[in-house]
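Chemist: Okay, here's what each chain looks like letter by letter:
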Amino acid sequence: MRALYTAATGMAAQELNVQVISNNIANMRTTGYKKQRAAFQDLIYDHVRRVGAQASDQGTILPVGVDIGGGVKTVGTPRLMGQGTLSPTGNDLDIAIRGEGFFKIQVPDGTYAYTRDGSFMMDAQGRVVTAQGNPVQPTITIPQNSSAITINAQGQVTVMLPGSTTPTLVGQIGLTRFINKAGLNPIGDNLFTDTPASGTPQDGVANTDGFGDMQQGNLEQANVEVVTEISDLIAAQRAYEMNAKVISAADQMLQSTSNMFR
Amino acid sequence: MENMLLVGLSRKMTLERQLDVVANNVANINTTGFKADRSLFEEYLRSPAHEDNFMHADRRVSFVHDRATYHDFAAGPSEHTKNPLDIAIDGKAFLVVQTAAGERYTRDGGLQINNQGQLVTASGDLVQGTSGPIVFQPTDKSINIAADGNITVVEGTGRTDTVRGKLRLVSFADPQKLVKEGGNLYSAGQGIVPQPDITSRVNQGYIEKSNVNSVHEMSRLIEITRTYTQISAMLQQQHDLHRTAVEKLADVPA
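Protein sequence lines, in the order shown, are assigned to chains A and B. For the first sequence, the working numbering assigns the number 1108 to the last residue and increments by one with no breaks. For the second sequence, the working numbering assigns the number 1373 to the last residue and increments by one with no breaks.
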């Protein structure tokens, strides 16, 4: 019975949907996290009687056909790259991006990864690094004994050096953007890498050419909305149950057939 | 006597197929822009016996077979996603997408941008504008899709809107003639020409959910299983009748 397999595709799809939703909820407090959504499409149809086929010798054609669908497939789990809310932390090295762009991070293997998580710190050499200790690009070293670190909207980092009355520029944090940021590959640790789908990275300066601006002392929260996720979760769970009902109905029908003529 | 078996069989076949249709609807209960299918049945009369000289006219035997599945094009509920690339179409229009097999139509408004900046569907097919594909520039931000399908952006450091194209919205005189192709796409048969649609409205930041009504589908499911079980019981009775008849007739008195 075909319905058994059709309903099984539905159950598998809803299971995946619940996985995506649970990952969103698990990351609702992850700085710079961007929520995902499972996108589904119908599977190919079996055209038992094709619409427009000739129904008689007189040339009458079928106005509608008999099309039996085969279920559902998952086409992707696109990431929704909407802005998360900014929450002030008061920490000098916390930066939120308001608008387009990602921070460029050098990972241990020498390549670059990208993140919206701007909770930076200083390592033993005074470099600005992520929570995992990977340096922010271009590398910025804060001199020892310096105070009052200021990061402006363009990402310029200035400090006050002892004995000086004017701020000193020590570097500029760059931003990178992609034509298709939803096509970035998540590698965990709040990091993304570029893919053929994302397009090549375009480095630039914050607050220019369509890049967002930097907000020192703020962090970007995850763009997960709990109410939406919970209602999606309920919908997914109910859809799963309904597919299970279809399977039990098909089973009941098979049973009534197999019990005939005993 | 076998007529009853065959009539019952014809009904069971159609019920199974109707269950397939319900199963596909339920499987796609979370598919963006999905339109439910409905089954239609018709009576199929088999010609009576050739001899017309009976006292009473011979009755025709009435079978059932599935005539058609038709698409229920009622609007699905809209979900607010706040994603600038999500659009829900308010009206009977379809988006036009370019696939390898030719022009296809969809109601799935969960759009994406590909690595060349082109507006595509979730499966990567180009969404057609009124003058070709819609292409965004790397410095574009604040994508705005107006109700009439006009797409504007703010370019770079600009302050004014720049037009990037207009969505091509089409509708059909008889949308029932559209054929579901899978992948949320419909194809139009030969000679079926899409008309530009100017009455439908595009809602940005919303997505059209599946229009499958779970209560309808579940009650139909119950109906199908109960009918099927009843027919099985009916055939069982017919079988018992046969057996009794054979036994009685073959019972030679000693």
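The set of hints was computed from the structure by calculation and includes no laboratory data. Please read all numbers here as calculations on a predicted model, not as lab measurements. It is possible that part of the hints are untrue.
[Said to hold, decoys possible] As a list, the in silico DSS-like pairs of lysine-lysine whose alpha-carbon atoms are at most 30 Å apart:
# : chain 1 : residue 1 : chain 2 : residue 2
1 : A       : K1091     : B       : K1201
2 : B       : K1328     : A       : K919
3 : B       : K1285     : B       : K1296
4 : A       : K919      : B       : K1367
5 : B       : K1201     : B       : K1211
Chemist: If a hint holds in the structure, say so; if it doesn't, say that too.
Modeler: How the hints compare with the structure:
For the hint linking K1091(A) to K1201(B), the alpha-carbon distance of about 33 Å lies beyond 30 Å, and the restraint is violated. Between the alpha carbons of K1328(B) and K919(A) the distance comes to roughly 15 Å, so the proposed pair stays at or under 30 Å and holds. Between K1285(B) and K1296(B) the alpha-carbon distance is near 26 Å, which keeps this suggested pair within the 30 Å criterion. Among the hinted pairs, K919(A) with K1367(B) is inconsistent with the structure: their alpha-carbon atoms are about 57 Å apart, more than 30 Å.
Our distance criterion of 30 Å between C-alpha atoms is met by K1201(B) and K1211(B), whose separation comes to about 23 Å.
Against the hints set out earlier in the document, violations occur for numbers 1, 4.
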